[in-house]
Each structure stands twice: as structure tokens, then as C-alpha cells.
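S.K.: Below are the chains, spelled out letter by letter.
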Amino acid sequence: MRAFAVMERDLRRFTRNPILMLASVLLPMIYLVIIGNSFQGQLKNLPIVVVDQDNGPYSRRVIELLQAMQEGPRMIKIVRLNDQKEALDLVKNGFCKAALIIPPDFSEDIVKDTNPEIGLFLDNTDVISSNGLSNIVSQSILFLKSEYLPIRQSPSKVQIRFVELFKKIDYDASLVPGAIVMAIFMGTMITGAFNLVMDKFLGIHESYLSTPLTKRDIVIGTIVSGVFITTLMSFIVLIGSMLLTGIRLEGGFVSFALLVFTIILSALGLLSMMFIIMGRANHPRVVGLIGGFLNVIFFFPSGAVYPIESFPGWLKAFAKVNPEVYAVHAIKALIFKGADIVAIKNDLIFLCLFTVIMLVIATWTFKRTF
Amino acid sequence: MGYAVEVQNLIKKFPPSTFAVNDVRFAVEEGEIFGLLGPNGAGKTTLIRMLTCLMKPTQGSAKIKGYDIKRDPDSVRRNIGVVSQSMTTDMDLTAWENLDIYGKYYEIPKRERLERIRYLIDIVGLKERAHDLVATYSGGMRRRLEVARGLIHRPYLLFLDEPTIGLDPQSRRVIWDLLQKIRSEAKLTIFITTHYMEEADILCDRIAIIDYGKIIALDSPANLKRNIGGYDIIEVSLSELKVDILAKLKSMEFIKNIVEKDLSLRIYVENAAKAMPILIDEFKKFNISILYLAIHEQSLEDVFIHYTGKSIREGEPQKVSFLIGAGVPRRI
Chain A
4 MRAFAVMERD LRRFTRNPIL MLASVLLPMI YLVIIGNSFQ GQLKNLPIVV VDQDNGPYSR
64 RVIELLQAMQ EGPRMIKIVR LNDQKEALDL VKNGFCKAAL IIPPDFSEDI VKDTNPEIGL
124 FLDNTDVISS NGLSNIVSQS ILFLKSEYLP IRQSPSKVQI RFVELFKKID YDASLVPGAI
184 VMAIFMGTMI TGAFNLVMDK FLGIHESYLS TPLTKRDIVI GTIVSGVFIT TLMSFIVLIG
244 SMLLTGIRLE GGFVSFALLV FTIILSALGL LSMMFIIMGR ANHPRVVGLI GGFLNVIFFF
304 PSGAVYPIES FPGWLKAFAK VNPEVYAVHA IKALIFKGAD IVAIKNDLIF LCLFTVIMLV
364 IATWTFKRTF
Chain B
-3 MGYAVEVQNL IKKFPPSTFA VNDVRFAVEE GEIFGLLGPN GAGKTTLIRM LTCLMKPTQG
57 SAKIKGYDIK RDPDSVRRNI GVVSQSMTTD MDLTAWENLD IYGKYYEIPK RERLERIRYL
117 IDIVGLKERA HDLVATYSGG MRRRLEVARG LIHRPYLLFL DEPTIGLDPQ SRRVIWDLLQ
177 KIRSEAKLTI FITTHYMEEA DILCDRIAII DYGKIIALDS PANLKRNIGG YDIIEVSLSE
237 LKVDILAKLK SMEFIKNIVE KDLSLRIYVE NAAKAMPILI DEFKKFNISI LYLAIHEQSL
297 EDVFIHYTGK SIREGEPQKV SFLIGAGVPR RI
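Taken in sequence, the protein lines are chains A and B.
Position one of the first sequence corresponds to residue 4 (this note's numbering), numbered consecutively onward.
Position one of the second sequence corresponds to residue -3 (this note's numbering), numbered consecutively onward.
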């Protein structure tokens, strides 16, 4: 049958491309490990800042109960501060996920039974972490309620006032920064080094390599054109996502300018990295494989879908050098919080360093001759 | 007069032990069309890639307009135009855009660039289609555009690597006319590799034959033909064959051999052009009419076969990536 001949041809060619076979077997397993560890893990070490203005027996008890959560299941990491404003700034700028403020007359209110209340100020831009923290604090208070106490005192009436520091965000809206970072990644895949690989594949590169263009001209020209397209794509995705989810940019002009800068910087860094990885590849098949692989290992553990606090140690360590983590964090803060430069300072420093290092290596490793 | 190209003991070795170019030495004079002939895998493309600074030589040196290819590649690149073996114009751009972008690569000022593009588009005959995408062009049109692009910066030397490969005879002739026209209009040296003998014969002032990485002959086409010895052949079919005429012919000094078959003769002579009138006179004297006549002069192909032999080149086994297989297309 002729169909067998067609089948034979396909099978023969498939076996002559071991990388395809290897990838189709290995990648699903790697994805399983990465994606499996990027979702639904137990949240750990969520930073919460506690301000005890009461300094009474009950406020100390609340803190002890929270410390038990810190020492036992290590779900939270407590930061103690005395100044309420400072504490709220830590949350607003994304350094802590919540601030627990125990007011000055908390213990007295319990004793007098006059509506004792503590305030939990949440960074609700991270929906999952803020829900997690609400539960942890509520549980601690529940312990307080079930403890043996003199009859006249009624800690069972302690109320938590939950304060969401930012505009409410649905889960689908919370994915928008991730979608933008993915658009940046996709942009870097189909521009920049990919164009060079296609040129090599088609034999076109020979013509411009014999002109006076320097290595720097080629690397920078290719990368900057990629940045242009990628930035444009990212903004189209941003506008599309805003229309789909109904969110709007919270900040003013500065925040918007920082958003543009962050997107450009992220695109520049990723394009330079792609240049190093794919600068010497000469087949689009390689780009497809590497690109797909990098997308999974960078995107899912970036905090775009699920908080980094839920990752196992090794994935957390990787998150420290994953540029998408910093891009997602900065873009999230800029879109949802209208953050200023203080909140995203660390992200920008990392992205700048990453970009410079990658760009230097890309230019250095690019081969101008055959 | 200085040399346009000076090659000294150039070697390119590919690991482990293949010498693609092996101790090559020659010079190309300014303003000449210099041809490099050789069978597949003889080292033509490797040599041209070294001269165009696309590949680093293992040993030896070469100068283009006095600039060393190893020490001053930038000056070399500024002075050469290259038309590669594979089609390298961008299909997603128009002819005009292709030329304009390359003009910018060479930092030609805008006004001069536009003038130059207009001129080149005109001489390569693409005026009507200048603003069409190259993807819509035929092979011949695209090749003409490549020649125009190679000339955008008024190079001192134009390299053409198999410029007419894959083209039909009409397009091939258009390219030949174009090259001759450009050469007469600008003081341009042309370095061309080909394995079309006719092309080399028509275009080149001098030809080097390269085989197994070595130059084995270098001279003008006429001298190369003369130097290999051998004879022109005059083939005739006659109305009748008489013993006397055969005897007469055999006694003639310039006739080196005669092979007869029925009423046809293959007469081997030193110079067919000189022998022809004498032979026709002889047949007339014997009252024999000539029914068919053909002349086979020594061709460059004879020269080529003389120097490179008849064996087909197997070539070195090409490297195929273990990981991605034979995905990268070979050049034609």
C-alpha cells in the first residue's frame, strides 16, 4: 500500500532527528516537575509585618500564636515594627504581604468587653497569598478564643478588620501581568535571534556578513528591532487584557512611564539572553524546542500564576535568577498598585544588571565568520 | 599597476585533515574579469569566503586592493561587493528596499544612495518592478537584483560565486551582458567562480582552474585551450568516397588523423579555421559534394577535463548534526 510508503518516510525521518525524540520524551517530564511544583504548593514564609501598639497580655498572646505559625508550619515570616505607617508602606511597596496592626487599647477592650478589634491590611493584588494570610490570622485568633480565660474576659469577641489596601482584583485579572510577560517572551522568540537563525537557515546571512557591519551593529540592530516589536505586542496584550478583565491602570503618568520602561527592559534582557542561547543555532527547529522549553521553565515559576512562596526550595532558588519573576513583580505593582520607583527598585536593578550582562555576552559570543 | 587581489600561500584546513584550499597563490590585475573554475568541492567557495572575510584562513595571506584580509577586514569589506551562490535578497522586501537598506549598511548619504539605486535598478532592468516584493520575482530577476545590490556602494572589486547557477539560458545571457556592461561603465575588477565553461569563456580575461584545493592552471581562455595540445575535429558526410581523395588527405601535413565510417569522415587537424578552406577546395577538385559539415573546436570543457580528469568527485562526507539531523538545506 502506498500509504505505508508515506508512513515509512515519516518514521525514517523522525528517527534521524534524535533531538525531536529526546524532546518529546524529556520535556513533558521536565514540565511535569516544573509546573507540578509551581501550583498548589503550600504557601510558606509569607512575610507579614506586625505592629503591636498595645503591648498588653492579649496582643502578646496574638503574636505568640502567630509565632507558633512561623515556627511550626513556617507559613509566615514575621517582621516586627513599631511604626504603623512604615508597616503599611512595606505592604504597599510589596515587601510584605500583609500588616497586622494591634491597636493600643486591644487588651483593655478584651477585658472591658468593648469590641476588641485588630486590623489586617492586605496586599490584595496577590489574591492567593492574601487569602492565605487572612486564614492564618483568623486561625490564630480562633485559638485565642478557645483558650481558658477568666470568666469576665471575652476574647471570643475579638474581631479582625480586614482591610484590602488596593482595589479588588479577580483571579483572572490577577493573571494580566503574567499575560504581558508571556507576550514579551513570545515577542523575543519570534524576533531578534530567531531572525538570524532564519537568515542562516535560508543562507541569507552570507550577504550582510560581507558588508562592513560590525558584530555590535548586527547584535544591537537585531535586538532593538525585537524590542520595538515586543513592546508593541505587549501593549496590545495589555489593552486586550484590560478590555477582557475590566481592570484599569491605577497609577498616574510616572507609573505608566515606569511600566513602559519595565517592559522595554524586560524585552531587552530576554532578547539578549535569546541571542546568547540561539545565536549559533542554524535551524528553526532548535529555536522552537528551546523556546518552548524556556517558556515553561521561566513563566510558570515566575509568580505570574501562583505565588513564589509556595515553591519548593530549589524552585525558589531558581526564581532568584529568573528575570520573569522580577518583570512580573514590577508589572503587577505598576498596574494594580500604581507603584512608584521605590516599590520596583529591586526589580529594575536586577533587570538592568541582567540585561547588561546578557548584552555583553551576546555581542562577545556572536560569530561573524563561518 | 597594483594588483586587485594578491593571494599568498593561502591554506584552509577543516579538521581533522581536509585541505579545502591548499597553498594557493595567484594575483588578479585591476580591471580584469578573473574566473575561478573547478569541479564541485574543489575549494572555490571556501577560497571566495576567505577573500570576502567570511572565513578565516588557516594559514597564508591575501590582500584586496592592498588591504590584508586578516588584519584589515573592515577595509576589505568596504571595497568589495559580493553576490553569493545562494539567493540572499530579502523576499519580504521590495527591490528598492533591499537596495536602500544595503546602501545604509555602507553609510551612503541619502541623496547619493537614492541616485545610485535609481541607476542600478535601471541597468539591471527592474525599473517596472522596483516596488514589488522580491518574493514575486523570477530567479533571473532576483539574481539581477543581487548583482545590483553587490554594486550599491561602487565597489572596487565584485565577487560573484556561481552567479548564474539554476538560471535558464536567457537569464544567464542577461547576467553576462549586464556584467560586461558594468565592467565597461565602471572601472571594476570582477572575480567570478563558475563551472559553466561557456560562461567562463565568454566573460573571463583569465581563468584559474582549481582542483583538490590547488590551482592547477592559470591563463587566458585562448592560451589554456592552446596549451593542452589536442586537435580540432572536422566532421564531413560526402556524396561519395574515393580512394584518391583519402590518400591525398592523409598526405597533408596539417591533418593529424582521419577516421572513416561509411561516407563520413572525422578529420583531426591542428586548426579547424585554417584547414577548412583547403579541405573544401580538395573535395571540389575531386568532384565530391559535401552533404554535412561540422567543426568541433577545442573548448574550455576540454581544458577542464584535461586538467581535472573525468572522475566524478565524491567529496568529503558532509557533517550532519547528530541532534537535529540533516535539517539545514545544502546550497545548490
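Derived from the structure by calculation, the hints contain no laboratory data.
Cβ coordinates follow ideal geometry from the N, Cα and C atoms, glycine included.
Misleading hints may appear alongside valid ones.
What the hints assert, rightly or not - Computed Cβ-Cβ distance ranges for the label pairs, DEER-style:
1) A:L246 x B:T132: 52 to 62 Å
2) B:A131 x A:Q45: 50 to 60 Å
3) A:I360 x B:K66: 45 to 55 Å
4) B:D201 x A:R371: 30 to 40 Å
5) A:M4 x B:G305: 23 to 33 Å
6) B:D201 x A:M10: 17 to 27 Å
7) B:K9 x A:I33: 39 to 49 Å
8) B:D298 x A:V9: 24 to 34 Å
9) B:D173 x A:V263: 51 to 61 Å
10) A:L216 x B:A131: 19 to 29 Å
11) B:M272 x A:R371: 50 to 60 Å
12) B:D164 x A:F17: 31 to 41 Å
13) A:L216 x B:D173: 27 to 37 Å
Stated by the list, open to error - The calculated lysine-lysine pairs, modelled on DSS-like cross-linking and capped at a C-alpha distance of 30 Å, are:
14) B:K66 x A:K203
15) A:K218 x B:K238
16) B:K257 x B:K238
17) B:K210 x A:K203
18) B:K106 x A:K218
19) B:K100 x B:K61
20) B:K66 x A:K370
21) A:K218 x B:K61
22) B:K280 x A:K370
23) B:K100 x A:K203
24) B:K52 x A:K218
25) B:K183 x B:K221
26) A:K370 x A:K170
27) A:K370 x B:K100
28) A:K218 x A:K88
29) A:K115 x A:K88
30) A:K203 x B:K52
31) B:K52 x A:K370
S.K.: Now tell me, hint by hint, if it's right for this structure.
M.R.: Against the structure, the hints come out as follows:
1. A:L246 x B:T132: 52 to 62 Å: Violated: the Cβ-Cβ distance is about 38 Å, outside 52 to 62 Å.
2. B:A131 x A:Q45: 50 to 60 Å: At roughly 56 Å between Cβ atoms, A:Q45 and B:A131 fall inside 50 to 60 Å, so the hint holds.
3. A:I360 x B:K66: 45 to 55 Å: 31 Å Cβ-Cβ, so the 45 to 55 Å window is violated.
4. B:D201 x A:R371: 30 to 40 Å: holds, 33 Å
5. A:M4 x B:G305: 23 to 33 Å: violated, 46 Å
6. B:D201 x A:M10: 17 to 27 Å: violated, 57 Å
7. B:K9 x A:I33: 39 to 49 Å: holds, 40 Å
8. B:D298 x A:V9: 24 to 34 Å: violated, 47 Å
9. B:D173 x A:V263: 51 to 61 Å: holds, 55 Å
10. A:L216 x B:A131: 19 to 29 Å: Cβ of A:L216 to Cβ of B:A131: about 24 Å, so the range 19 to 29 Å holds.
11. B:M272 x A:R371: 50 to 60 Å: This hint holds: roughly 57 Å between Cβ atoms.
12. B:D164 x A:F17: 31 to 41 Å: holds, 37 Å
13. A:L216 x B:D173: 27 to 37 Å: Holds: the Cβ-Cβ distance is about 31 Å, inside 27 to 37 Å.
14. B:K66 x A:K203: holds, 23 Å
15. A:K218 x B:K238: Violated: A:K218 and B:K238 sit about 77 Å apart, past 30 Å.
16. B:K257 x B:K238: Between B:K257 and B:K238 the Cα gap is close to 13 Å, so the pair holds against 30 Å.
17. B:K210 x A:K203: Status holds; Cα separation ~29 Å.
18. B:K106 x A:K218: holds, 24 Å
19. B:K100 x B:K61: holds, 23 Å
20. B:K66 x A:K370: Cα-Cα ~15 Å, so holds.
21. A:K218 x B:K61: holds, 24 Å
22. B:K280 x A:K370: Not OK: B:K280 and A:K370 at ~72 Å, beyond 30 Å, violated.
23. B:K100 x A:K203: Distance of about 21 Å is within 30 Å: holds.
24. B:K52 x A:K218: holds, 16 Å
25. B:K183 x B:K221: Distance of about 28 Å is within 30 Å: holds.
26. A:K370 x A:K170: Cα-Cα ~50 Å, so violated.
27. A:K370 x B:K100: holds, 22 Å
28. A:K218 x A:K88: Roughly 52 Å separates the two Cα atoms, so the pair is violated.
29. A:K115 x A:K88: holds, 28 Å
30. A:K203 x B:K52: Answer holds: A:K203 to B:K52 is near 18 Å, not above 30 Å.
31. B:K52 x A:K370: holds, 12 Å
When the structure is compared with the earlier hints, violations turn up for hints 1, 3, 5, 6, 8, 15, 22, 26, 28 and for no others.
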